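Add chains D and W to chain L, keeping to what the hints say.
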Amino acid sequence: MKKTAKTTKEGLRREIREAVRLVREKNPMAPSITNTVTINLVANAQLAVGGSAAMVYLADEGEAMAALGGAMYINMGTLMPFYAETLPRTVKALAEQQKPWVVDPVGIGVGGLRTSLLLGFRTDKPTIIRGNASEIIALAELWELDSGKKSGGVRGVDATDPVEAARTAAVSLARHTGGAVAVSGPIDLVTDGKSIAFAEGGSKFLPMITGAGCSLGGVAAVYACVAAPFVAALTATAIYNFAGETAEKIAKGPASFQTAFLDALYRATPEEVGAQPFTLETAGK
Amino acid sequence: MKKTAKTTKEGLRREIREAVRLVREKNPMAPSITNTVTINLVANAQLAVGGSAAMVYLADEGEAMAALGGAMYINMGTLMPFYAETLPRTVKALAEQQKPWVVDPVGIGVGGLRTSLLLGFRTDKPTIIRGNASEIIALAELWELDSGKKSGGVRGVDATDPVEAARTAAVSLARHTGGAVAVSGPIDLVTDGKSIAFAEGGSKFLPMITGAGCSLGGVAAVYACVAAPFVAALTATAIYNFAGETAEKIAKGPASFQTAFLDALYRATPEEVGAQPFTLETAGK
Amino acid sequence: MKKTAKTTKEGLRREIREAVRLVREKNPMAPSITNTVTINLVANAQLAVGGSAAMVYLADEGEAMAALGGAMYINMGTLMPFYAETLPRTVKALAEQQKPWVVDPVGIGVGGLRTSLLLGFRTDKPTIIRGNASEIIALAELWELDSGKKSGGVRGVDATDPVEAARTAAVSLARHTGGAVAVSGPIDLVTDGKSIAFAEGGSKFLPMITGAGCSLGGVAAVYACVAAPFVAALTATAIYNFAGETAEKIAKGPASFQTAFLDALYRATPEEVGAQPFTLETAGK
Numbered sequence: 293m294k295k296t297a298k299t300t301k302e303g304l305r306r307e308i309r310e311a312v313r314l315v316r317e318k319n320p321m322a323p324s325i326t327n328t329v330t331i332n333l334v335a336n337a338q339l340a341v342g343g344s345a346a347m348v349y350l351a352d353e354g355e356a357m358a359a360l361g362g363a364m365y366i367n368m369g370t371l372m373p374f375y376a377e378t379l380p381r382t383v384k385a386l387a388e389q390q391k392p393w394v395v396d397p398v399g400i401g402v403g404g405l406r407t408s409l410l411l412g413f414r415t416d417k418p419t420i421i422r423g424n425a426s427e428i429i430a431l432a433e434l435w436e437l438d439s440g441k442k443s444g445g446v447r448g449v450d451a452t453d454p455v456e457a458a459r460t461a462a463v464s465l466a467r468h469t470g471g472a473v474a475v476s477g478p479i480d481l482v483t484d485g486k487s488i489a490f491a492e493g494g495s496k497f498l499p500m501i502t503g504a505g506c507s508l509g510g511v512a513a514v515y516a517c518v519a520a521p522f523v524a525a526l527t528a529t530a531i532y533n534f535a536g537e538t539a540e541k542i543a544k545g546p547a548s549f550q551t552a553f554l555d556a557l558y559r560a561t562p563e564e565v566g567a568q569p570f571t572l573e574t575a576g577k
Numbered sequence: 293m294k295k296t297a298k299t300t301k302e303g304l305r306r307e308i309r310e311a312v313r314l315v316r317e318k319n320p321m322a323p324s325i326t327n328t329v330t331i332n333l334v335a336n337a338q339l340a341v342g343g344s345a346a347m348v349y350l351a352d353e354g355e356a357m358a359a360l361g362g363a364m365y366i367n368m369g370t371l372m373p374f375y376a377e378t379l380p381r382t383v384k385a386l387a388e389q390q391k392p393w394v395v396d397p398v399g400i401g402v403g404g405l406r407t408s409l410l411l412g413f414r415t416d417k418p419t420i421i422r423g424n425a426s427e428i429i430a431l432a433e434l435w436e437l438d439s440g441k442k443s444g445g446v447r448g449v450d451a452t453d454p455v456e457a458a459r460t461a462a463v464s465l466a467r468h469t470g471g472a473v474a475v476s477g478p479i480d481l482v483t484d485g486k487s488i489a490f491a492e493g494g495s496k497f498l499p500m501i502t503g504a505g506c507s508l509g510g511v512a513a514v515y516a517c518v519a520a521p522f523v524a525a526l527t528a529t530a531i532y533n534f535a536g537e538t539a540e541k542i543a544k545g546p547a548s549f550q551t552a553f554l555d556a557l558y559r560a561t562p563e564e565v566g567a568q569p570f571t572l573e574t575a576g577k
Numbered sequence: 293m294k295k296t297a298k299t300t301k302e303g304l305r306r307e308i309r310e311a312v313r314l315v316r317e318k319n320p321m322a323p324s325i326t327n328t329v330t331i332n333l334v335a336n337a338q339l340a341v342g343g344s345a346a347m348v349y350l351a352d353e354g355e356a357m358a359a360l361g362g363a364m365y366i367n368m369g370t371l372m373p374f375y376a377e378t379l380p381r382t383v384k385a386l387a388e389q390q391k392p393w394v395v396d397p398v399g400i401g402v403g404g405l406r407t408s409l410l411l412g413f414r415t416d417k418p419t420i421i422r423g424n425a426s427e428i429i430a431l432a433e434l435w436e437l438d439s440g441k442k443s444g445g446v447r448g449v450d451a452t453d454p455v456e457a458a459r460t461a462a463v464s465l466a467r468h469t470g471g472a473v474a475v476s477g478p479i480d481l482v483t484d485g486k487s488i489a490f491a492e493g494g495s496k497f498l499p500m501i502t503g504a505g506c507s508l509g510g511v512a513a514v515y516a517c518v519a520a521p522f523v524a525a526l527t528a529t530a531i532y533n534f535a536g537e538t539a540e541k542i543a544k545g546p547a548s549f550q551t552a553f554l555d556a557l558y559r560a561t562p563e564e565v566g567a568q569p570f571t572l573e574t575a576g577k
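Going down the list, the sequences are from chains L, D and W.
Read in order, the letters of the first sequence correspond to residues 293 to 577 in the working numbering.
Read in order, the letters of the second sequence correspond to residues 293 to 577 in the working numbering.
Read in order, the letters of the third sequence correspond to residues 293 to 577 in the working numbering.
The following block holds chain L by itself, in its conformation from the complex (with noise of 0.2 Å):
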């Protein structure tokens, strides 16, 4: 997981070329602790891409995970009371197993379980953290980073600021992390903090299938076995706007566009989604 000495879009694009393939190659496990709505897909849209699935909620289940898995999926939807044990204890174990790990804040701001864990979580430190621009600039606010903004406040699942105003926010916590963040929207936006990448491409139906964000974590995390955090970031956001482009094409309403879009995970070869377009920035200071 060494750095190339100086990131460049062409060194990029052989790195998630890379990455699909390995993953197609190795059939990874990223274990998850994921919300009861979108498990299915999260779990489905990771065997599509090459990759292994296993789902738990138990502390020393999650432990074990840490254990087996080649990186993990934490996302913070439908909570249950026993998570107060067993997300401390799974992140603790993913910590001295050194294995990376994608955590997805959706729902922010909602309950005192869920400020009390991404509390937590601050030193506990995340390899990836995905969201959308209002989820990623809520963490920034929660962990008193700089977030380039107030937040607009809670707005369940759904985003409601553009991710451009989500830069400083991500920036600021890749930089706390030392991992990536990635920021979903029309444009996407992946950071490690020294680099920024805006990816294009995706379609109209992914905010309409529930589970896109979900879903694009647990391959993140997926990738996270394979490539180093700011690679697997891209390499999901890539995937997924390679596979929305597709699936669109031939999409009658959002679910049949969902079925296209796992069918065309599944089929998306190397070459596609390294030459999904993106652009490539300075994060500045």
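These are computed hints drawn from the structure, not numbers from a lab.
Hints should not be assumed to be uniformly reliable.
Identical chains share a label here; the pair holds if one copy fits it or two copies do between them.
Derived pair list, reagent style DSS-like, types lysine-lysine, alpha-carbon separation capped at 30 Å [said to hold, decoys possible]:
no., residue 1, residue 2
1, Lys544, Lys318
2, Lys496, Lys318
3, Lys486, Lys577
4, Lys298, Lys541
5, Lys544, Lys496
6, Lys541, Lys301
Computed from a prediction, not measured in an experiment: that's the story for all the values here.
Just chains D and W now, kept in the frame of chain L:
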């Protein structure tokens, strides 16, 4: 939410068209506490008609959702122990916030917690009750209202009584709550205790996909964000009947039906939904 | 449920056709306590073959379901803390009611609660055990029966051993419970401890959709409402193999496969399922 002096078919059709249009325009959020079997379909159906979804399990999150949402959906399937606290606190918060909410008494008769919670809803009244005929009759009996007959017994999530058999129970329940009751079946019955609408349409495949009824309840909650309870329940019933008919024409079985059904919910226009056939009767004394 | 004096292929084919036909005719309910990842697919597969579904989590609801259902399905994925009470009380109720039940030991080896519950099932015996080869071998080892080899270790929900490797373990388990064991793989193995059927068919896509195995277990429970354990397990295996072959012909990836697969389960006739190829061997001593 002022009632027109006299409920007429033409007036209702106008209000149905308006409800469909307003939801597409305003994207209102109707959060849910709902079972894990069909939670994904509930969310996707709510999104397909133009609403926004958020699912929670914890008491303080239920209270937060009562404040954030325009209306709420509570489904009694797959209860977990902590619902003993979550549901009463959530419905209290809904009452304080004067927010409408829909209850689906699925599984009524099975287990002590469900019975205890449903008994509590006799006082903390739901705005819309949605169920099949057996469930509606059982709820009227549990609340010691006129059910018109003795219940046909519990049978999981399946209907064992024809909708017409639930007419007395539905009217009793609507008069008790001051809201609306929707009974799903080959012919659907929707009443506010004064008028009864019998709606036609739908598909033989609807009872063959799990969650057809649950998701109708979630969609009724979305419409309850913008319309009076009777109109909201009737609009949800009408769009389900329209989408069911549309989907059956291209379905090869229940799974391709579900895909086509969600696509049809997404594409249905106010005019198409408002034109769905129904008859209107006076409920009588 | 009286056994024929001698198990023959023609006799089994007749019983398979009869099981498929009886379920379509009687619509028997096979309730489940099952994981949140694939719970929707389990229910929809049970409905597609003609059964009825109901899912619960609480102890007294498990007991109620043991009384109401014709057979029950218990899947060990995504355990929650209260399962420590729910599962033992449910299986006691099943024993008292003399109702058949299917267990799927998914995740065996992960976590203390799962191990403790599965150890308890050594005494409170399931009627049908369904798993992949690794799970079947691990369960035989956990129960200190002849497993034929040492387990290949835990690997989430994936098979790491070929089905043939689980032959000894499957026969040991079936002889211990007096019921049947179904091992899923490219070639499926079904045994009652005396005869072993090896069934062909299915699809490369089946392992690429999450819940193919879980839902097979749920469907086996539906058939166990109307047929002896060995026939029920073999019928579920045969209809899955038939539907898998049918669906693969039109699938463009795993998601369109899943849709076509459920449609094919719905449309499969007794003759088509009864005609699925299998070979029959004597289990030996």
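Intra/inter-copy verdict for Lys486 and Lys577 if alpha-carbon distance must be at most 30 Å: Within one copy only: 9 Å inside a chain, 67 Å across chains, cut-off 30 Å.
Up to 30 Å between alpha-carbons, please classify Lys544 paired with Lys496: within, between, both or neither. both (12 Å within a copy, 22 Å between copies)
One pair to classify: Lys544 and Lys318, alpha carbons no more than 30 Å apart. Within, between, both, or neither? between (35 Å within a copy, 23 Å between copies)
Alpha-carbon proximity context of Lys496 and Lys318, limit 30 Å: Between copies only: 17 Å across chains, 32 Å inside a chain, cut-off 30 Å.
Using 30 Å as the alpha carbon limit, work out where Lys541 and Lys301 are close: within a copy, between copies, both or neither. within (28 Å within a copy, 40 Å between copies)
Within, between, both or neither: how does the pair Lys298, Lys541 come out at a Cα-Cα threshold of 30 Å? So Lys298 and Lys541 fail the 30 Å test inside a copy (37 Å) and across (48 Å) alike.
Consistency note: the structure conflicts with earlier hint 4 alone.
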